[in-house]
Amino acid sequence: MGVALLDSLLGDGSIPDDPASDWFVDVRRRASEALVRDGLPTAREEAWKYTNLRSLAQRRHARGDEQAASRAIDAATIALPGADGPRVVFVNGVYRADLSRWSAIEGVSFQSFSEVIAGDAQAERVLLTRRFDSKAQAFARLNSALVLDGPVIRVAAGVGVPELVHVVYVGAATGTDIAWQARALVELGEGASLRLVEHHVGEAGQADLGNTVSQFALRAHARLDLLQLQTMPESGTLIRRSEAVLEADAQLHVRTLELGGLLVRHDLAVELAGDRARLHSRGVFALRGRQHVDTHLDVRHVARDTVSDLLWRGVADQRSRGVFHGAITVAAGADGADANLSNKNLLLSAQAEIDTQPVLEIHADEVKAAHGATVGQLDEHALFYLRARGLPMPVARALLMLAFCRVAVDSIENVALHEHIDALLLERLPHAAMDTDEAQSGS
Amino acid sequence: MLKIENLHVRVAGKVILKGLDLTVNAGEVHAIMGPNGAGKSTLGYVLAGREGYEVIDGTVTYEGADLLALEPEERAASGVFLAFQYPVEIPGVNNTYFLRAALNAQRRRRGEPELDSMQFLKRVREKLAVLHLKDELLHRAVNEGFSGGEKKRNEIFQMALLEPRLAILDETDSGLDIDALKMVADGVNAMRDPGRAFVVITHYQRLLDYIVPDFVHVLAEGRIVESGDRTLALRLEEHGYAWIAERKVAGAA
Numbered sequence: 001m002g003v004a005l006l007d008s009l010l011g012d013g014s015i016p017d018d019p020a021s022d023w024f025v026d027v028r029r030r031a032s033e034a035l036v037r038d039g040l041p042t043a044r045e046e047a048w049k050y051t052n053l054r055s056l057a058q059r060r061h062a063r064g065d066e067q068a069a070s071r072a073i074d075a076a077t078i079a080l081p082g083a084d085g086p087r088v089v090f091v092n093g094v095y096r097a098d099l100s101r102w103s104a105i106e107g108v109s110f111q112s113f114s115e116v117i118a119g120d121a122q123a124e125r126v127l128l129t130r131r132f133d134s135k136a137q138a139f140a141r142l143n144s145a146l147v148l149d150g151p152v153i154r155v156a157a158g159v160g161v162p163e164l165v166h167v168v169y170v171g172a173a174t175g176t177d178i179a180w181q182a183r184a185l186v187e188l189g190e191g192a193s194l195r196l197v198e199h200h201v202g203e204a205g206q207a208d209l210g211n212t213v214s215q216f217a218l219r220a221h222a223r224l225d226l227l228q229l230q231t232m233p234e235s236g237t238l239i240r241r242s243e244a245v246l247e248a249d250a251q252l253h254v255r256t257l258e259l260g261g262l263l264v265r266h267d268l269a270v271e272l273a274g275d276r277a278r279l280h281s282r283g284v285f286a287l288r289g290r291q292h293v294d295t296h297l298d299v300r301h302v303a304r305d306t307v308s309d310l311l312w313r314g315v316a317d318q319r320s321r322g323v324f325h326g327a328i329t330v331a332a333g334a335d336g337a338d339a340n341l342s343n344k345n346l347l348l349s350a351q352a353e354i355d356t357q358p359v360l361e362i363h364a365d366e367v368k369a370a371h372g373a374t375v376g377q378l379d380e381h382a383l384f385y386l387r388a389r390g391l392p393m394p395v396a397r398a399l400l401m402l403a404f405c406r407v408a409v410d411s412i413e414n415v416a417l418h419e420h421i422d423a424l425l426l427e428r429l430p431h432a433a434m435d436t437d438e439a440q441s442g443s
Numbered sequence: 001m002l003k004i005e006n007l008h009v010r011v012a013g014k015v016i017l018k019g020l021d022l023t024v025n026a027g028e029v030h031a032i033m034g035p036n037g038a039g040k041s042t043l044g045y046v047l048a049g050r051e052g053y054e055v056i057d058g059t060v061t062y063e064g065a066d067l068l069a070l071e072p073e074e075r076a077a078s079g080v081f082l083a084f085q086y087p088v089e090i091p092g093v094n095n096t097y098f099l100r101a102a103l104n105a106q107r108r109r110r111g112e113p114e115l116d117s118m119q120f121l122k123r124v125r126e127k128l129a130v131l132h133l134k135d136e137l138l139h140r141a142v143n144e145g146f147s148g149g150e151k152k153r154n155e156i157f158q159m160a161l162l163e164p165r166l167a168i169l170d171e172t173d174s175g176l177d178i179d180a181l182k183m184v185a186d187g188v189n190a191m192r193d194p195g196r197a198f199v200v201i202t203h204y205q206r207l208l209d210y211i212v213p214d215f216v217h218v219l220a221e222g223r224i225v226e227s228g229d230r231t232l233a234l235r236l237e238e239h240g241y242a243w244i245a246e247r248k249v250a251g252a253a
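Chains as they are written, first to last, in the numbering used here: chain S, 1 to 443; chain G, 1 to 253.
Derived by calculation from the structure, the hints in this document are not laboratory data. You can take every hint at face value.
Counterexamples of contact, computed for chain S against chain G with all Cβ distances above 10 Å:
# : residue
1 : 130
2 : 189
3 : 275
4 : 325
5 : 336
6 : 418
Result set (SDA-like, lysine to any residue): computed pairs, CA atoms no more than 25 Å apart in a straight line:
#  : chain 1 : residue 1 : chain 2 : residue 2
7  : G       : 14        : S       : 379
8  : G       : 134       : S       : 411
9  : S       : 344       : G       : 141
10 : G       : 127       : G       : 163
11 : G       : 134       : S       : 410
If the Cβ cut is set under 7 Å, some of the chain S residues that face chain G in the computed set are:
#  : residue
12 : 382
13 : 385
14 : 387
15 : 389
16 : 390
17 : 391
18 : 392
19 : 399
20 : 403
21 : 406
This structure is a prediction, so every number in the text was calculated from the model and none was measured. For every residue, glycine included, the Cβ atom is placed at its ideal position computed from N, Cα and C.
Work the whole structure out from these sequences, hints included.
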């Protein structure tokens with residue numbers, strides 16, 4: 001095929017040598033074959049129109065990290081203020097019990113994915129044998145073919161988990177460019193509730209490819225509050241797919257912060273499969289340098305009286321590029337659906353680019369739907385108002401940018417976590433750097 | 001305190017102020033009245049330093065220095081305050097946080113010690129009590145979802161908190177019912193002080209029943225065309241702005 005990336009990862013035709021059961025070996029083989037047959041998507045693929053994979057496809061990556069189970073990781077790398085409870089850590093896609101802390105919680109189980117696929121996994125088979133039928137989902141296929149590990153979390157019916165569960169994916173530097181995979185499965189039983197953080201971090205300088213798939217299944221009346229916090233160094237690549245299926249009256253509240261990474265693609269696909277299921281999605285990307293972050297939302301209203309409410313913000317500075325694709329489909333029969341999508345973006349430099357594409361497709365009756373997307377600059381009037389009250393220009397700018405982004409995360413109730421995220425956002429936004437940038441462009 | 005001489009200002013290619021002169025001394029309250037489009041708001045913006053308001057001729061001296069050479073935040077720190085006709089909504093910025101940041105930025109620039117949150121809140125409570133404002137205002141985002149009256153009262157509250165030396169009120173009375181108008185006037189009157197001056201820009205005489213000015217000026221076609229004491233405002237109320245235009249024509253003839 002001439003795709004160096006796939007040759008380097010699948011070229012010898014072998015699949016991972018681990019104690020996976022035959023049924024999962026089949027999953028791997030099928031995924032690998034589909035991937036070799038179809039290759040990686042090109043810019044001709046509508047879903048990859050704004051993210052060119054040519055340079056990634058030409059790179060060679062080693063398959064996984066043989067020392068992942070023993071690599072030393074700085075405690076500060078995996079810490080997250082406000083998340084002091086259960087934590088599970090994966091280093092280059094491999095579970096690290098030594099870095100994790102999981103004590104028994106009534107009604108909650110945690111297993112590592114490698115354990116699950118070693119058994120017959122009757123309960124999870126439906127999710128784990130999911131095929132990724134489209135060429136656009138090449139990385140999910142790659143994940144199926146090569147994944148070794150990940151978190152599998154189940155909450156029993158009726159159980160409300162009081163703790164905030166923290167899942168950390170660490171991309172650790174190995175001295176060579178590797179590709180690692182992780183697969184998460186999260187199942188909430190009827191009426192169960194869980195607060196979960198998916199946290200992507202990495203060590204400076206690594207140029208690895210991380211490729212994750214998370215599958216969330218919410219039974220009737222379940223509620224998942226999910227924070228996706230991505231703060232990798234600006235050198236690595238992360239391709240991730242988050243899929244959720246919501247049964248009747250289930251609620252998914254997901255907040256997504258894309259702050260790091262050099263090349264990041266995130267597909268968030270949610271199916272509102274049961275009546276009155278609700279999705280509440282807030283997200284923000286804040287980019288600089290040559291970062292490229294592409295977010296695709298794919299929301300499907302399948303049942304009646306379902307609600308989706310999507311509010312996303314983007315900020316791009318320097319030569320960075322942000323892509324936002326928000327698709328909402330209301331299927332025939334999903335009458336009474338209520339769909340709302342708002343995406344606002346700020347361009348902070350003439351070299352930065354943001355492409356936003358809201359897509360609404362409605363095949364049902366009595367549907368309420370609204371969508372809007374804008375790309376603009378900071379509001380000069382608001383800037384003047386703040387300065388007229390005494391705030392210096394750089395402070396006024398930073399405050400407005402923070403406020404712009406904060407709209408997407410302001411409902412986080414955990415004070416320590418909220419403050420930490422504010423600090424992360426502020427650190428990403430060009431405030432103190434503003435004067436030097438202007439001085440440089442003037443010289 | 002403030003001396004404006006022969007001020008010409010261009011906005012979006014159009015000359016709005018055409019030779020405005022005005023002198024304001026400490027302790028005085030000046031009312032600027034005039035028809036729509038006369039340049040009243042332009043005067044407020046140019047004194048506060050808004051971008052896009054190009055001074056093509058004339059000078060503005062404040063406390064003996066060239067006001068026009070200062071950035072908006074430097075003017076604020078030196079005691080100039082503009083109460084906006086249309087206060088800006090800023091979602092995501094908490095009112096209290098904003099005010100404390102603004103006050104401390106001003107104090108830092110003046111070489112005064114910053115207030116810690118306890119000192120700041122004490123000051124806030126005092127001012128809220130004077131203005132009969134609800135605490136709840138503090139916990140909301142700046143002006144977000146405020147009614148027209150709440151926005152104007154928030155401007156006066158900010159003024160009370162920042163304690164400027166020269167306060168310019170740009171049509172703070174517009175859109176207010178009588179109770180809100182009285183509250184705004186009480187806020188201003190409580191701050192009248194021999195060391196502080198007010199420039200009250202208004203379209204209607206009504207506000208001047210409650211904030212009694214020392215001087216009234218009529219601004220028309222970019223210039224002060226008539227100045228007098230408070231009785232000028234009453235005559236304007238009676239005869240309308242057309243009366244000024246007629247007097248000008250009569251004077252020229």
